[in-house]
Amino acid sequence: MFIFGKKKARIAPAALAPAPTETPAKEETRIGATITVRGSISGSGAAVISGTVNGDCTVDKAIYLERGGTIEGAAKSGRIHIRGRIVGRVEAGQSVDCSASAQVEADLLTPSLSIEAGALVNGRIEILPAPAGVGHSTGTGERGRNRKRASRTLP
Amino acid sequence: MEETTVSDEQPEIDSVISRGIVVDGDIDAGEDIRIGGTVKGTIRSSGYVLVEPSAVIEAGIQAARIRIQGKVSGDVEASGRVEIDGGGKLYGNCTAASIRINEGAVFEGRSNVRRK
Numbered sequence: 001m002f003i004f005g006k007k008k009a010r011i012a013p014a015a016l017a018p019a020p021t022e023t024p025a026k027e028e029t030r031i032g033a034t035i036t037v038r039g040s041i042s043g044s045g046a047a048v049i050s051g052t053v054n055g056d057c058t059v060d061k062a063i064y065l066e067r068g069g070t071i072e073g074a075a076k077s078g079r080i081h082i083r084g085r086i087v088g089r090v091e092a093g094q095s096v097d098c099s100a101s102a103q104v105e106a107d108l109l110t111p112s113l114s115i116e117a118g119a120l121v122n123g124r125i126e127i128l129p130a131p132a133g134v135g136h137s138t139g140t141g142e143r144g145r146n147r148k149r150a151s152r153t154l155p
Numbered sequence: 156m157e158e159t160t161v162s163d164e165q166p167e168i169d170s171v172i173s174r175g176i177v178v179d180g181d182i183d184a185g186e187d188i189r190i191g192g193t194v195k196g197t198i199r200s201s202g203y204v205l206v207e208p209s210a211v212i213e214a215g216i217q218a219a220r221i222r223i224q225g226k227v228s229g230d231v232e233a234s235g236r237v238e239i240d241g242g243g244k245l246y247g248n249c250t251a252a253s254i255r256i257n258e259g260a261v262f263e264g265r266s267n268v269r270r271k
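First to last, the protein sequences are chains A and B. First residue of the first sequence? That's 1 in this note's numbering, and the numbers climb one at a time after it. First residue of the second sequence? That's 156 in this note's numbering, and the numbers climb one at a time after it.
Over 12 Å on every C-beta distance to chain B, these chain A residues come out as not near it, computed from the model:
hint	residue
1	Gly78
2	Val87
3	Gln94
4	Asp97
5	Ser99
6	Ala100
7	Glu105
8	Leu113
9	Gly118
10	Leu120
11	Glu126
12	Leu128
13	Ala130
14	Pro131
15	Ala132
Each computed BS3-like pair below joins lysine-lysine, with the alpha-carbon atoms no more than 27 Å apart:
hint	chain 1	residue 1	chain 2	residue 2
16	A	Lys76	B	Lys195
17	B	Lys195	A	Lys61
18	B	Lys195	B	Lys226
19	B	Lys244	B	Lys195
20	A	Lys76	A	Lys61
21	B	Lys244	B	Lys226
Just so you know, these hints were derived from the structure itself, not from any lab. For glycine and all other residues, C-beta sits at the position ideal for the given N, C-alpha and C.
So here's chain A without its partners, still in its complex pose (with noise of 0.2 Å):
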């Protein structure tokens, strides 16, 4: 009988698991403040642009458009960030935010999108239907998702 144990803090393992970050991770593509790309970008990781992209940006991850990063053409990838300033069009498979410095002067398609107070947004706006295996969460955090995910029946 275990009535007077000591109550330690215990942390459940799932609360455990990392929640995605909004910093880049190792080995993403880095294109620094004072890098001038004439050209589109293409590939698979995550790109982090400081710097100035003349072209288009497509990357299969994420795409961190840093402030005073400044993107000229389209940006295509799972999941962008802008705190910079970006004329053309975005195209995100995941989501998109745009922090308080983002100046946005393009038409943004995705399933999930988050402005800051105090972001320039200026283009259409198309929520897109969420991508296979993501439901547009209908609770909050992990149990809005487990409870998803144990009615879901597979295909």
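Dock chain B against chain A, hints included.
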């Protein structure tokens, strides 16, 4: 001021075109840059350009210093040193203040050493 000793220390380079990325166009950098992917266009830098083993550059490079460990098909020009490591391949001319070609390197082109 060009050092004549072996400069093997790799400075921490912030800008990277990682492998798996293709840049279809020119790159103008006001800083050091490291390339692991494919660039179909000229690379210009006021600093150091490192062409990593996985890189393929289909055009020229102009920089202060250049180190080639991958494949470059184009002319390279440096105000300082150009170094081609074993495994590096340069198909093109090379103009620099000093050129260092390490064992195993491939160099097919004209070398032009000029000191200002």
